[in-house]
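Trainee: Here is what each chain is made of, one letter per residue.
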Amino acid sequence: MKREEDEQSSLAWFGKGMRGIFSLPAFILMLSFVGFCSLTAQAGIPVEQVVFMVGMVWALPAKVILVSSIMSGAGLATAFLAVSLSSVRLMPMVAALIPELRGSRTPTWLLLLLSHFVAITAWVFAMEKVPQVPRERRVAFFAGFGITLVAANMLLVAVIYHFVADFPPIVAGCLFFLTPVYFLASIWHSARHPVVYVALLFGLAGGPLFYWLLPEFDILLAGLVGGTLAWLVERLWRRRKEVGA
Amino acid sequence: MTWHDGWWAYVFIAIAGWLATDLWRWLGVLAGNRLRDDSEALNWVRAVATALVAAVIAKLILYPTGVLEQSPLWLRAGAVALGAAAFFLFGRKPAIGIATAIAGLAVGLWWLGF
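First to last, the protein sequences are chains U and V. Per the working numbering, the first sequence starts with residue 1, numbered consecutively. Per the working numbering, the second sequence starts with residue 1001, numbered consecutively.
Some clues are possibly wrong.
Just a sample of chain U residues kept apart from chain V, beta carbon distances all over 12 Å, derived [unchecked claim]:
(1) Ser-9
(2) Phe-14
(3) Met-18
(4) Ala-151
(5) Leu-155
(6) His-162
(7) Pro-169
(8) Gly-173
(9) Leu-175
(10) Arg-192
(11) Val-195
(12) Val-196
(13) Leu-221
(14) Leu-224
(15) Lys-241
Distance windows between CB atoms, simulated [said to hold, decoys possible]:
(16) Glu-242(U) / Gly-1113(V): 55 to 63 Å
(17) Ala-1014(V) / Trp-237(U): 42 to 50 Å
(18) Arg-1034(V) / Arg-238(U): 33 to 41 Å
(19) Val-159(U) / Val-1107(V): 26 to 34 Å
(20) Trp-109(U) / Tyr-1063(V): 33 to 41 Å
Honestly, the hints are just simulated from the structure, not real lab data. Here a beta-carbon is modelled for each residue, glycine too, at the ideal position from N, C-alpha and C.
Sequences are here, hints too, so could you generate the full structure?
Mentor: Rendered as structure tokens:
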């Protein structure tokens, strides 16, 4: 009886995750995918391949780089390298999410499978919502959200691809701007650890700084250097407070 | 070189797209699985991940693509600053910050004749 209740409850949380599709971040991401449709249509990539790409790669920046590699006629090794370099950031993102996500008995294979659904939007959403979900239901909740988000965008691309029209410039500009502004507001709003605020500020400053110094590795360096500095600063503060208290 | 229609295109996407991204996600799972909930190591990983995402955000604002490429930097930075001010003044609600920043940008773009 108890077991049956548990299973139902997991299903219920999967459903709650699915309902995350009707949220501001999901809506913003879909708008970005409309933009991606027009990019791929201009590049002349057939719609079946674009849908395949959405499902298989999922992270939008990685897909944009993959498409530019294809357009420039790059070989397989070059494209692989370019996409890999841009995707290293997924590793610390997933690593930070896993301890929040896993239950006491979550098997590793399931986490490996679900990690596919991590990209910036799902990460920001999960880091914000998952703490309010009971520990043993978090995997179900994230699976519900992640799978629905990918499936919905595959469907969206399949349908929209043939109808891409250009938005008026002001609308297009505002749509593009929604993404960074939403990420900023959401990360600040959902931060439960003081280190997140410091890291956010250091990352914002580090991005342009390293773009100017070493454009090839800007994001990576801004993350590693900015993040480590932020961690050191916050730790120092914490120690001082502990000593002072 | 023209882009292929056949099976090679799918192999290309699978290797250069799927493998090149999921490889890092899997490494993230293996690394994250060793991190304890309350450890200092997780705090560091959290800081690095947040700074990485923040760097992506900064690049989207400073070096946008498409229509915004032609918009002045002061407008984009001003819109974000306006949104941040509204966010902190009115109870730290994301919707308020986002709406204010977008409204600021829209007015600016319209005023500049976009």
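Trainee: Enumerate the violated hints, using their earlier numbering and listing them in ascending order.
Mentor: 7, 8, 9, 10, 11, 12, 13, 14, 18
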